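Read top to bottom, the protein sequences are chains Y and R. Under my numbering, the first residue of the first sequence carries the number 129, and numbering increases by one thereafter. Under my numbering, the first residue of the second sequence carries the number 129, and numbering increases by one thereafter.
Keep in mind that the hints were calculated from the coordinates and are not lab data. Careful: at least some of the hints might be erroneous.
Intra- or inter-copy, both count: the list cannot distinguish identical chains.
Stated by the list, open to error - List time: in silico DMTMM-like cross-link candidates among lysine to aspartate or glutamate, alpha-carbon distance up to 25 Å:
(1) K423 x E398
(2) K245 x E518
(3) K156 x E186
(4) K223 x E606
(5) K536 x E480
(6) K300 x D641
(7) K503 x E543
(8) K515 x E614
(9) K223 x E611
(10) K156 x E533
(11) K673 x D579
(12) K394 x E556
(13) K673 x E235
(14) K227 x E614
(15) K318 x E445
(16) K578 x E398
(17) K423 x D483
(18) K290 x E140
(19) K673 x E136
(20) K290 x E618
(21) K144 x E231
(22) K290 x E611
(23) K245 x E494
(24) K227 x D489
(25) K394 x D579
(26) K290 x E231
(27) K223 x E610
(28) K578 x E611
(29) K245 x E398
Being a predicted model, the structure only gives us computed values, none of them experimental.
Number of protein chains: 2
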Amino acid sequence: MNYQEIIEKAIEAIHKRTFYAQYPEHPKSYGEDTFPIAEKAYQAQLQKPFKGLLQTGETAWRGEEKSPYTQEVLGITYPIFEVETLIEKAQVAQKIWRKVSIEKRAELLVTTLERCKERFHEIALATHHTTGQAYVMAFQASGPHAADRALEALALAYQELKRFPSSVYWEKPMGRITASLDKAFLPIPKGIGLVIGCSTFPTWNTLPGLFANLMTGNVSIVKPHPTAIYPMAIYVAELQKVLQENEIDTNVIQLAVDSSDNLITKKLAEHLAIQLIDFTGSNAFGSYIESLPNKTVFTEKSGVNSVIVDSADDLREVMRNLAFAVSLYSGQMCTTPQNFFIPSTGVYDDGELIDYATVVDLFRNEVAALSLNPKLSGILGTIQSEKTLERANSAGNLGGNVVLEAPKVTHPQFEQARICAPTIIEVEADQLDIYTQELFGPIVLVIKTKDTQHSLQLAQNLVREKGALTCAAYCVDETKKEEITEAMNEVFAPVSLNFTGMFWVNQHATFSDFHGTGGNPAGNASYTDPLFVNRRFVWVGNREKRS
Amino acid sequence: MNYQEIIEKAIEAIHKRTFYAQYPEHPKSYGEDTFPIAEKAYQAQLQKPFKGLLQTGETAWRGEEKSPYTQEVLGITYPIFEVETLIEKAQVAQKIWRKVSIEKRAELLVTTLERCKERFHEIALATHHTTGQAYVMAFQASGPHAADRALEALALAYQELKRFPSSVYWEKPMGRITASLDKAFLPIPKGIGLVIGCSTFPTWNTLPGLFANLMTGNVSIVKPHPTAIYPMAIYVAELQKVLQENEIDTNVIQLAVDSSDNLITKKLAEHLAIQLIDFTGSNAFGSYIESLPNKTVFTEKSGVNSVIVDSADDLREVMRNLAFAVSLYSGQMCTTPQNFFIPSTGVYDDGELIDYATVVDLFRNEVAALSLNPKLSGILGTIQSEKTLERANSAGNLGGNVVLEAPKVTHPQFEQARICAPTIIEVEADQLDIYTQELFGPIVLVIKTKDTQHSLQLAQNLVREKGALTCAAYCVDETKKEEITEAMNEVFAPVSLNFTGMFWVNQHATFSDFHGTGGNPAGNASYTDPLFVNRRFVWVGNREKRS
């Protein structure tokens with residue numbers, strides 16, 4: 129397929145919203161021999177400067193990435209630049225990039241994704257050893273899923289950029305004469321974009337904004353989290369290579385690495401030359417980013433995701449599903465369910481009323497049972513940061529009733545792995561101070577409510593005030609299902625109903641599921657709705673009278 | 129045509145951007161007998177309460193409109209409501225309106241426009257005697273042009289609301305099994321909208337936001353300017369009538385009249401229940417509106433529009449065109465050109481260099497000559513507010529060199545008419561304090577620059593700092609034309625090149641020209657780009673596993 133076919137198929141998929149993937153998610157789809165090659169490349173990169181970037185004028189080489197599996201530093205260093213150097217280079221590149229045609233931009237971006245496909249295993253290893261994600265998740269999230277999200281963003285942008293004709297001949301009948309004008313309609317890029325990455329999903333949450341920026345003609349500076357640079361460095365390197373081959377200023381995309389003792393994010397974000405900011409990360413920093421004047425800002429901050437348990441056809445299957453959902457990557461996904469609202473009046477299971485204590489017990493047992501699963505390490509992954517581990521370890525002090533102390537687990541391969549299973553805490557509905565906060569990591573709260581109506585009211589208020597990326601509900605009553613869906617949708621939280629088996633509420637499928645709605649405090653953007661691309665450029669119409 | 133055909137034609141027109149009008153602009157197109165009927169209705173309304181609204185619970189009846197033609201109060205009173213009453217009724221109506229189908233909403237809105245068509249002459253008289261616009265302009269701006277803009281907004285909204293399928297069956301092949309989900313994609317309205325009108329274009333600047341709100345499922349409160357209520361009251365009354373006929377809560381649209389001694393705009397705008405605000409008016413108030421937290425805001429504030437004069441094929445034709453452009457509605461259009469940048473090195477006219485003084489003189493003479501035109505009052509209209517007249521009368525004190533004192537003019541029909549022709553003031557390029565402000569009304573500034581490069585630089589900075597809705601340029605050199613266009617487009621100002629004859633830079637054609645770009649300080653919105661409608665609702669996707 130050439131780039132145009134790939135984009136056309138993506139545009140079609142976005143508007144059909146049935147299943148589609150340009151990049152298959154199974155590691156095996158990429159060939160048997162690709163993993164050993166990637167592992168060799170990965171090993172060769174450790175303890176060395178990352179030389180793949182085409183950026184010059186660095187003031188130092190730094191790096192502090194550390195594997196949550198081995199607890200050893202990766203020893204990879206990256207070039208460090210002055211903020212003013214980055215901005216000046218971006219300004220020069222912007223003059224060129226804004227004049228590159230829509231088609232050419234699209235071609236270069238699709239070509240880059242196709243090139244990165246060849247390095248998915250190296251990207252996966254880089255992600256695995258920086259984020260702590262299990263290998264398969266690291267492969268999928270940072271490789272095919274991230275590339276699909278990038279394609280989704282660029283394809284929708286491509287369509288919007290071509291929405292209005294670039295030129296028209298306008299004739300207006302005015303009685304006996306006809307007046308006429310030549311008109312041109314131009315989607316003018318806003319300027320220089322800053323894309324701020326996070327430590328847990330360094331490419332999945334970075335590529336959509338980056339590719340939307342580049343497609344709409346905005347050069348970009350990517351500021352990765354100091355503890356997860358390597359995966360994104362590969363994407364940037366490939367982008368720069370493709371630009372170079374096409375004789376376009378490689379500073380169209382720059383990697384801006386900093387270190388925890390000298391963070392440059394605020395300096396970059398506040399710079400007058402920065403017009404667009406994409407941010408994934410904490411609530412506090414996200415709100416600061418949103419408050420910056422005269423910037424176009426796209427945020428994904430933290431939210432608190434709820435599960436409303438009302439009734440089920442098979443409650444054990446439900447709890448098995450939820451146990452997996454809270455264990456996946458040790459609750460370090462922005463879509464991990466945290467708050468389980470369970471009515472004290474019990475839950476109907478295939479028509480039989482199961483009392484509250486038994487419901488909690490069922491859930492507890494499924495989470496505990498998972499810790500005996502031989503595939504556990506492939507589900508939990510490891511804990512990305514020391515801070516998250518501390519939070520998990522001290523969950524018992526939150527003030528609730530500890531229903532399940534995190535089962536002791538070890539990693540079969542990495543003795544030093546920072547691995548941790550979920551803790552379950554039970555709280556009362558009036559202990560709002562405990563459960564109306566995001567407890568990032570493997571901490572699950574069970575909230576005892578009066579009834580489903582009460583659960584729903586608490587969950588709705590929580591989204592309105594703290595935001596959420598998703599909400600799971602279990603209910604077999606049609607009227608109640610509608611009530612739950614309407615109430616949560618009213619505060620712009622999507623609802624996943626009765627997920628069991630191979631579906632988990634944490635997962636959003638590219639080309640079908642929107643990730644985030646942009647409508648509640650969890651963030652102001654969505655992958656990929658029309659606003660995600662349209663806000664990056666401005667339609668300007670020029671007119672000329674023919675002489 | 130039924131409503132669906134009307135919308136389909138509008139969507140097609142929006143994307144073709146060639147000439148199209150659903151509502152012809154010529155008063156004659158609406159029948160010979162319609163004017164006398166309208167005049168009777170208008171006369172019958174004077175000195176009486178406006179009884180067309182279906183709102184109840186008013187606390188008083190007030191009105192202070194005054195004709196700039198007769199200087200007499202119209203004596204029409206409108207019901208006054210407590211802010212809390214308006215909000216509570218909107219909240220009740222919102223629960224109903226959000227559930228009305230997209231098709232039904234579209235049908236009701238198009239039906240309303242078709243009904244209002246029958247009242248265009250009454251709307252014109254109401255506009256004429258509140259804004260001071262000449263009759264034909266009042267007819268066009270408040271009738272067909274406003275209705276076309278309303279249709280444009282609702283049609284684009286309609287298309288966007290239907291962009292993604294409302295439901296899909298999603299199947300994902302997973303090895304031997306196929307997993308499946310039912311999905312629904314819903315465009316959820318943001319909530320209650322406040323639409324704040326202005327005194328000079330009370331319907332043209334109000335209908336786009338209002339119709340975009342209603343189409344996207346957001347009930348609305350219209351807060352007209354206390355001196356120009358009547359034209360918008362007719363539209364609201366017709367909307368309410370159509371709602372009533374369809375047995376839908378008429379509070380889906382409410383008119384919130386206030387008076388200059390008790391303004392309620394801030395109280396409404398700051399109310400937590402208000403999610404969306406559309407505003408047209410002053411810079412100061414618009415910036416206040418933009419600063420309100422947690423609101424989705426659409427603004428059209430003031431800007432300073434420039435004319436860059438470089439060269440021409442027929443300079444006299446150019447100056448004749450510009451004289452008309454500055455005289456139309458006495459410079460009270462947001463698109464009126466104010467600043468004329470003319471190089472001191474002169475201007476080439478059909479290859480012949482005309483010195484600077486002669487260029488200014490040509491312009492001056494054309495403006496002065498217009499004051500002898502028997503059709504002058506139909507061009508100038510009258511001055512809407514006392515404040516604008518005062519500003520015009522004291523233009524001589526601005527600090528520049530008075531090139532033309534406003535020629536004395538009278539109105540042939542209305543002895544008391546607040547009529548005023550343009551004053552022309554010449555300033556130096558370094559007198560920025562004078563020309564970097566909007567001087568709303570019949571005041572024109574000629575700025576003497578070094579050369580066109582200098583003109584362009586000053587004009588570009590002006591847009592960047594103060595904003596502009598439009599920019600006119602006269603230039604016969606291809607390279608320079610491109611330079612001017614690029615520089616102005618870079619700061620998101622559209623350029624109209626070499627307009628003479630029947631085209632004036634002030635005019636933006638619905639379905640073809642964007643009004644405002646939203647990219648510079650003149651405002652953050654554009655009639656009608658995709659953002660103008662997409663920002664009013666949120667895409668939410670629900671998923672359910674089939675049992």
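Structure-based check of all given hints:
1. K423 x E398: Both, since 9 Å and 23 Å are each at most 25 Å.
2. K245 x E518: neither (36 Å within a copy, 69 Å between copies)
3. K156 x E186: For K156 and E186, neither the intra-copy (39 Å) nor the inter-copy (71 Å) Cα distance is at most 25 Å.
4. K223 x E606: Answer is between: at 20 Å across copies they meet the 25 Å cutoff, but 57 Å inside does not.
5. K536 x E480: neither (34 Å within a copy, 91 Å between copies)
6. K300 x D641: Answer is between: at 13 Å across copies they meet the 25 Å cutoff, but 44 Å inside does not.
7. K503 x E543: Within one copy only: 16 Å inside a chain, 92 Å across chains, cut-off 25 Å.
8. K515 x E614: neither (37 Å within a copy, 50 Å between copies)
9. K223 x E611: between (52 Å within a copy, 13 Å between copies)
10. K156 x E533: For K156 and E533, the Cα distance exceeds 25 Å both inside one copy (37 Å) and across copies (82 Å).
11. K673 x D579: Intra 69 Å, inter 23 Å, cutoff 25 Å: inter-copy only.
12. K394 x E556: neither (39 Å within a copy, 41 Å between copies)
13. K673 x E235: So K673 and E235 fail the 25 Å test inside a copy (35 Å) and across (38 Å) alike.
14. K227 x E614: Between copies only: 11 Å across chains, 46 Å inside a chain, cut-off 25 Å.
15. K318 x E445: neither (50 Å within a copy, 36 Å between copies)
16. K578 x E398: For K578 and E398, neither the intra-copy (47 Å) nor the inter-copy (35 Å) Cα distance is at most 25 Å.
17. K423 x D483: Cα proximity of K423 and D483: none, with 52 Å in one copy and 44 Å across.
18. K290 x E140: Both ways: K290 and E140 sit 15 Å apart in one copy and 15 Å across, limit 25 Å.
19. K673 x E136: Neither: 36 Å inside a copy, 30 Å across copies.
20. K290 x E618: between (33 Å within a copy, 19 Å between copies)
21. K144 x E231: both (23 Å within a copy, 20 Å between copies)
22. K290 x E611: between (40 Å within a copy, 24 Å between copies)
23. K245 x E494: The answer is neither: 37 Å in one copy and 67 Å across copies each exceed 25 Å.
24. K227 x D489: For K227 and D489, the Cα distance exceeds 25 Å both inside one copy (62 Å) and across copies (40 Å).
25. K394 x D579: neither (45 Å within a copy, 41 Å between copies)
26. K290 x E231: Within one copy only: 10 Å inside a chain, 27 Å across chains, cut-off 25 Å.
27. K223 x E610: between (52 Å within a copy, 15 Å between copies)
28. K578 x E611: The answer is within: 17 Å in one copy meets 25 Å, while 69 Å across copies does not.
29. K245 x E398: neither (35 Å within a copy, 50 Å between copies)
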